[in-house]
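*Asks:* Quick note, the sequences are listed as chains Y and G, same order. Position 53 of the first sequence, counted from 1, bears residue number 52 in numbering that gives the first Met the number 0, the numbering being contiguous throughout. Position 241 of the second sequence, counted from 1, bears residue number 240 in numbering that gives the first Met the number 0, the numbering being contiguous throughout.
A hint or two may mislead.
A few chain Y residues that don't get close to chain G, going by computed Cβ distances all over 10 Å [what the hints assert, rightly or not]: (1) 39; (2) 53; (3) 113; (4) 130; (5) 135; (6) 138; (7) 141; (8) 143; (9) 144.
Pairs of lysine-lysine, DSSO-like flavour, derived with a Cα cap of 30 Å [stated by the list, open to error]: (10) Y:113 / Y:61; (11) G:275 / Y:61; (12) Y:61 / G:17; (13) G:17 / Y:113.
Just so you know, these hints were derived from the structure itself, not from any lab. Even for Gly, the Cβ is constructed at its ideal location relative to N, Cα and C.
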Amino acid sequence: MGRDGGRTSFEEFAAARWGALVRVAYLLTGHPQDAEDLLQSALERVAMRWSTLEEPEAYTRKVLYTQATSRWRRLRSRPAEALTGQPPERPAAVQREVETRIVLEAALERLTRKQRAVLVLRFYEDLSEAQTAEVLGCSVGTVKSQTRHALSRLRALNPHLLREAVRP
Amino acid sequence: MTGQVRTALSEMAERAPKLPMPPGIYERGRKRQGRQRILGALGVVFLFGLGVGLSAMLPVAVVVPAQPSVIDDMPSRVVNAPKWTASVEEAPLPRALVAFAQRLDGEVTLVGPHDQYRVYATAHDQTRPILSPDGRFLMTGRGLLDVTTGVTRSLDGDVPLGFSADGRLALVARYDAGDVVSGQIRAIDPADGAFVWAVELEPGPMPHDVGVAVAPDGSLTAITRHAELWLYDSGGRLLWKRAMDGELAGQLAFVPERRSLAVVTGERLCLLDTEKGEGGLCYDLSGFSTHSTDAAHEVLGWQEGWPIVNMSRDVVSFQGVPEKLLEGPGELSFLGFASERVRWSQQDPGAPDGGPFFERFLDLFKAAFGVVLIAMYVRALVWLGAWRAAARTRTNL
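My request is simple: use the sequences and hints to build the entire structure.
*Replies:* Below you can see the structure in the form of structure tokens.
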């Protein structure tokens, strides 16, 4: 594959997958700018190895998730979010379902990058535990424990979710 | 609850901003790849240069040479150097009392005063090492090692032959190229490598099989090659030449304060009169040579006119009743010891001292240092990446 041919095929791939990848990046970061930065960084890494990739889709996904989890360390320069241990304030004038979604999204912000990535892979991309472990480069046991911790942390941050979950 | 999470994630994904795909991602990726390669190459060069630079900056350990008034006790037994023994180049000795090697192309073990052991890697050739009588210099295929500094001076291709009895001259052969053996026997000052004198070699057949010894007072020089013995005076004048069934008994073949010269003929050590080259007293060595080896017997010292002879593994004194003075660790290809200012105590030696802690484990420290440097380099790359990501985020904001 020549250099121009490589660029053309890469740009075709990136254009075709851009929308879906933006959504995943946004779920992983929660911020539009961070999502764009993460996705561009991941695609640059894909471009570096484009001519040797056999499964660009899988590699892109892997780079995106591993970059998202490692960016926790790299983005420490961002002002740290103050964690209060208190649930987010609930908007008073919204319907209960909307309220739950907003509260849940705010709670997602408080998870670690890895916990968040595990939830996105498991419950947004509908991957199995084994597939999730393969993408993140960790063991299935780690995926299980991260999932468990993430859910329990969400419950701790949003006690009313637990009440809803046990409601008949 | 997982259903709620699933729904929340899907709704959140649907609300993801519609970002346009920026142009030039592919080019930036290729540039990034180029930068990484350049950084990697620079890192390798940097680490290599830093390692070389720091090695050069390490202080050279120098010990004070043994004082002429100090007489050292010779060990009655030497053993193989313990593992992780320091190199004499890193941890010099005041002098070497004993030097031995089991293979000529391997490692020489040096034993200094008070059971201090050091090792010295020789060149990968079959050049036989030679220890000076005062124990300060070791001549090998690598060059001339000063035991008190650990510095090796190259011999520029000259072949080691021996030292004068007082240790002030190093004798080397400088052969001419060609099928005929010719060239010079050169005497140099081992301390600074300065040329002192030379004797021309008469052309002769191959191989390069030359032995040389200088009388303790420097007045005579004996040279053997191919069963012939030449004796020169200090001015380089040939005194006599005779056929000989044997070879010179090492660099200390001249008997101190006597006009005699020791030669080895098979299992006999015979003394020749230096006035006329006539034969005299002979010692039978056959009863002591219990170990088969290629190394020839040689005189390693004299005690009141009686020879101390290297018997390949052991050292035997022929003063009165022959007595074993030193026992080696096994069959050796090379065994030498200092003959000046030593006392044969016949006391059991202490445990071998492998040298100062840092010098003993220097290789480990160097490896650890290399790992730390690499870790620092990787850390610097991570910081650089974080700085660039933060800068890009600030630009986007």
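*Asks:* Does each hint hold? Answer for all of them.
*Replies:* Structure-based check of all given hints:
| no. | hint | in the structure |
| --- | --- | --- |
| 1 | 39 | violated (6 Å) |
| 2 | 53 | holds (18 Å) |
| 3 | 113 | holds (16 Å) |
| 4 | 130 | holds (16 Å) |
| 5 | 135 | holds (17 Å) |
| 6 | 138 | holds (21 Å) |
| 7 | 141 | holds (19 Å) |
| 8 | 143 | holds (14 Å) |
| 9 | 144 | holds (16 Å) |
| 10 | Y:113 / Y:61 | holds (13 Å) |
| 11 | G:275 / Y:61 | violated (93 Å) |
| 12 | Y:61 / G:17 | holds (22 Å) |
| 13 | G:17 / Y:113 | holds (25 Å) |
Going down the numbered hints, you'll see the structure goes against 1 and 11, while the others check out.
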